[in-house]
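Chemist: Since chain A is already given, all that's left is putting chain B on it; use the hints.
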Amino acid sequence: MNRLKVLQAWLWCVSLWPCWLSHAVPLDCKDETGSLTQCTSISQEKLLDRVIQHAELIYRVSEESCTLFEDMFIPYPLHALRNQGGNLCHTKPFPIPGSKSEIQQISDKWLLHSVLMLVQSWMEPLIYLQTTLSRYDDAPDALLNKTKWVSDKLLSLEQGVLVLIRKMLDEGILTSSSIFEHTLTPYNEQSPEVLESILRDYNLLICFKKDAHKMETFLKLLKCRQSNKLSCLSY
Amino acid sequence: MRNSGAVLILTFIAILTLQAAGVSPPGKPRLTSCRSPEKETFTCWWEPGGDGGLPTTYALYYHLENSETVYECPDYRTAGENSCFFNKNDTSLWVNYNITVVASNALGKNISDPVEVDVVYIVQPNTPEHVTAVVVHDEQGPFVRVSWEKPRTADTRSGWITLLYQLRVKQEKDKEWEEYNAGMQKYYNVFSLHPDKEYMVQVRCKPDHGFWSEWTQTTYVKMPDYITRERSLWIMITIFFVFIVVILTWTLNVKRNSVKLCLLPAVPGPKIKGFDKQLLKSGKSEEVFNTLVIQGFPPTTDYDNLLVEYLEVYDNEEQELVQDGKDLSEDCMKSKSPSDIDSGRGSCDSHTLLLEKCMDGREGSGSNQHQYSQHGETRWASTESSESQDPEPGSPESANGRGKTWPVVFPSPQPQPHHHYPVGAAKPAYHSVPEILNHLSPHAMSSNYHQLNHQDILQQERRFSKPACRHSQSYNQFNLDGIDTPAPGVAPSPSLEYVEVQRVNPENMLLLRPLSDPNREPEGSDCTREDYSKVKEVTSNNILLLQRDMSHQCVDDYSQADQCTTQQPPHPCKPAVHQSNSGMPQEAIRVMGNGYVDSTVLMPSY
Numbered sequence: 001m002n003r004l005k006v007l008q009a010w011l012w013c014v015s016l017w018p019c020w021l022s023h024a025v026p027l028d029c030k031d032e033t034g035s036l037t038q039c040t041s042i043s044q045e046k047l048l049d050r051v052i053q054h055a056e057l058i059y060r061v062s063e064e065s066c067t068l069f070e071d072m073f074i075p076y077p078l079h080a081l082r083n084q085g086g087n088l089c090h091t092k093p094f095p096i097p098g099s100k101s102e103i104q105q106i107s108d109k110w111l112l113h114s115v116l117m118l119v120q121s122w123m124e125p126l127i128y129l130q131t132t133l134s135r136y137d138d139a140p141d142a143l144l145n146k147t148k149w150v151s152d153k154l155l156s157l158e159q160g161v162l163v164l165i166r167k168m169l170d171e172g173i174l175t176s177s178s179i180f181e182h183t184l185t186p187y188n189e190q191s192p193e194v195l196e197s198i199l200r201d202y203n204l205l206i207c208f209k210k211d212a213h214k215m216e217t218f219l220k221l222l223k224c225r226q227s228n229k230l231s232c233l234s235y
Numbered sequence: 001m002r003n004s005g006a007v008l009i010l011t012f013i014a015i016l017t018l019q020a021a022g023v024s025p026p027g028k029p030r031l032t033s034c035r036s037p038e039k040e041t042f043t044c045w046w047e048p049g050g051d052g053g054l055p056t057t058y059a060l061y062y063h064l065e066n067s068e069t070v071y072e073c074p075d076y077r078t079a080g081e082n083s084c085f086f087n088k089n090d091t092s093l094w095v096n097y098n099i100t101v102v103a104s105n106a107l108g109k110n111i112s113d114p115v116e117v118d119v120v121y122i123v124q125p126n127t128p129e130h131v132t133a134v135v136v137h138d139e140q141g142p143f144v145r146v147s148w149e150k151p152r153t154a155d156t157r158s159g160w161i162t163l164l165y166q167l168r169v170k171q172e173k174d175k176e177w178e179e180y181n182a183g184m185q186k187y188y189n190v191f192s193l194h195p196d197k198e199y200m201v202q203v204r205c206k207p208d209h210g211f212w213s214e215w216t217q218t219t220y221v222k223m224p225d226y227i228t229r230e231r232s233l234w235i236m237i238t239i240f241f242v243f244i245v246v247i248l249t250w251t252l253n254v255k256r257n258s259v260k261l262c263l264l265p266a267v268p269g270p271k272i273k274g275f276d277k278q279l280l281k282s283g284k285s286e287e288v289f290n291t292l293v294i295q296g297f298p299p300t301t302d303y304d305n306l307l308v309e310y311l312e313v314y315d316n317e318e319q320e321l322v323q324d325g326k327d328l329s330e331d332c333m334k335s336k337s338p339s340d341i342d343s344g345r346g347s348c349d350s351h352t353l354l355l356e357k358c359m360d361g362r363e364g365s366g367s368n369q370h371q372y373s374q375h376g377e378t379r380w381a382s383t384e385s386s387e388s389q390d391p392e393p394g395s396p397e398s399a400n401g402r403g404k405t406w407p408v409v410f411p412s413p414q415p416q417p418h419h420h421y422p423v424g425a426a427k428p429a430y431h432s433v434p435e436i437l438n439h440l441s442p443h444a445m446s447s448n449y450h451q452l453n454h455q456d457i458l459q460q461e462r463r464f465s466k467p468a469c470r471h472s473q474s475y476n477q478f479n480l481d482g483i484d485t486p487a488p489g490v491a492p493s494p495s496l497e498y499v500e501v502q503r504v505n506p507e508n509m510l511l512l513r514p515l516s517d518p519n520r521e522p523e524g525s526d527c528t529r530e531d532y533s534k535v536k537e538v539t540s541n542n543i544l545l546l547q548r549d550m551s552h553q554c555v556d557d558y559s560q561a562d563q564c565t566t567q568q569p570p571h572p573c574k575p576a577v578h579q580s581n582s583g584m585p586q587e588a589i590r591v592m593g594n595g596y597v598d599s600t601v602l603m604p605s606y
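So the protein sequences, as listed, match chains A and B.
Sequential numbering of the first sequence, starting at 1, is according to full-length UniProt numbering.
Sequential numbering of the second sequence, starting at 1, is according to full-length UniProt numbering.
Okay, chain A solo, but in the shape it has when bound (with noise of 0.2 Å):
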């Protein structure tokens, strides 16, 4: 009877294992009308490659939005008011180490993975960040079209990555931003202040402009460790 169940239990496994396989691919590819096809390979060099360009675009889109920013609220005597009174930036998983000997110490595995998380800790508050932005009198439609055009990159970004975990380190990852969900609700509240509503603003601004900065470089340390080709020896 024991055998009977253990031997049931297994073949239920065994028949439910390709829907794990399955859950565990990421993504389905799709041409340009929608319907889905097969996957055309690309090749790793060239997916980095494309990975990094999507962050140098994120960066720089936050960079200007930033400026905007300022220039639109932020009068300047304030501006030494950054960082200021416990408006840091959300604090992460793990730490991310702040000089080079120490960061070119992280593995691949690593740096990828941190990267990952960065990418998926910024997509609830860019959310957030559209619609206060849209509550705003005057905010200017740059700023509220970079917004929202960064959290659409970014979600590429996020598919990128992924892609790229399961080729270069050949394992799959579940999809789950369960992780930063308890760090998502202050983000939730409104202030009634609205300088305080416009410094916290600011303040995700600068943090996000930060973080994707640290994504890129992250991705571009990754870019010069491939050993194929020697790729970063010419530069």
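A hint or two may mislead.
What the hints assert, rightly or not - Derived list of chain A stretches under chain B, where covered just means 3 residues or more per stretch with a C-beta under 8 Å from a C-beta of chain B:
| # | region |
| --- | --- |
| 1 | 91-101 |
| 2 | 215-223 |
Stated by the list, open to error - Taking beta-carbon pairs under 7 Å as the criterion, some of the chain A residues facing chain B (in silico):
| # | residue |
| --- | --- |
| 3 | K210 |
| 4 | C232 |
| 5 | Y235 |
Source of the hints: derived by calculation from the structure; they are not laboratory data.
Every residue, glycine too, gets a C-beta built ideally from N, C-alpha and C.
Modeler: Frame of chain A; chain B shown alone:
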């Protein structure tokens, strides 16, 4: 209490004294910039605000964004005066540094404004190194290959920092630099540089997010002297076109005459007889103009010698027939009407003779008979003669003096009772038919040479229903013998009427035809367009040989005439022989190349 008060007063006095001496606490320093060359270390510089006259020390303090711990600058020397150098251990990335500088001297201290710095945003690399520019010779043309090295401190190999390069080129004398972006590579090929010129090259770099470095020292490169492909192509094209132009010019030169004919069709130039172009070219103007000078021209006094060129007749009762003829008697000549000799009137009607009536002449000349030449074509002075060019033996004119008269129809100047009506060269002659009849009637001569054939259109119109034979009719009608009595059909009418001389038969008879004759030939006939006759030559006997033009239209006339009157000359091409008037000057007639006769020579001097 007293001690504290004394201390205070003393301090106050000391401050006053010091202030009087010009010393004060230091001025506020200012952080000018912080830079990181490789994203691993960074340096901050400040400028002092004024030391207040006392030795001042500066200290830099900082704290990180999420801690309150204040640290002092670890290294004041490495980066020079008024600077603070943060080494690798003290540098944290993606963290804001809050930096202040404090200046302090004996009297006090002063704190600068704080500055927030994040290291990753203040990256400015060092300049690139080992810039080389080499001329590379290529089949397309030489170009310059510029190459350099990355700054030593930048760690691009691990990908920690990514550098983008830029170079600029110019000649010594240019104002503007030409900039090129080289991306991440460490070389660049510069094309389109001018040959035989020296160029200056500089390079700088920038991290992907950061500041541009300074430009390197200038590197000089000299381009070799070469001919660009483009220029050599233009040279070849130019040579080719020059060649083509030369060939065309030479061809045109060779064929210059035919080209001239093609472009500029020949215009018959005026030909002045006696005007020698060669003489003119040689420059002897006197000789040239002497040929133009005709002795005795214009006629001034001697009216007798005036060559009558035309006879003008007015169809007007008031006007008299005026005869302006040299062949007339002298009296007649003198009575020439004051009206115009050369009125031009006659030129409008090319077929007619102009007779100027001369009363005296009429009386004096008596029964002169008139010959009028008639032409089918407007050769007003031709008379038909015998075939030979010799003067007719039987012609009475030859017996008389052979003056050279232009188209003189009536040759004889003798005092025969003839009316000589020389036909002028330029004017057709009109004459009044009845008058002439009157003239003729009393002078019916036995001479066969002078006959007047005329028609009185008013009465004879119906007679000449046959156009072909009207000449003969008229001729036949008015026979020599019948002159005495006017033809029955002819009534001398008082009215004046123009007649047209149609032809002159060999017997020196004028065949007349009234102008209003409906049967006369249409004016538009081609035969009747010329007023002049060409002089073919002048014989030694002072006979003008006129040339009769061959024209097809006129052949008919003559042929008709031939059929009608046997006395007409058989061939229309015979040159007419005219006896010239003896009154003509004896000098030779100059015949121009195209057959024109120089009338000026013939003009007698007065």
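Chemist: Where does the structure disagree with the numbered hints, that is, which hint numbers, in rising order?
Modeler: Those not satisfied: there are none.
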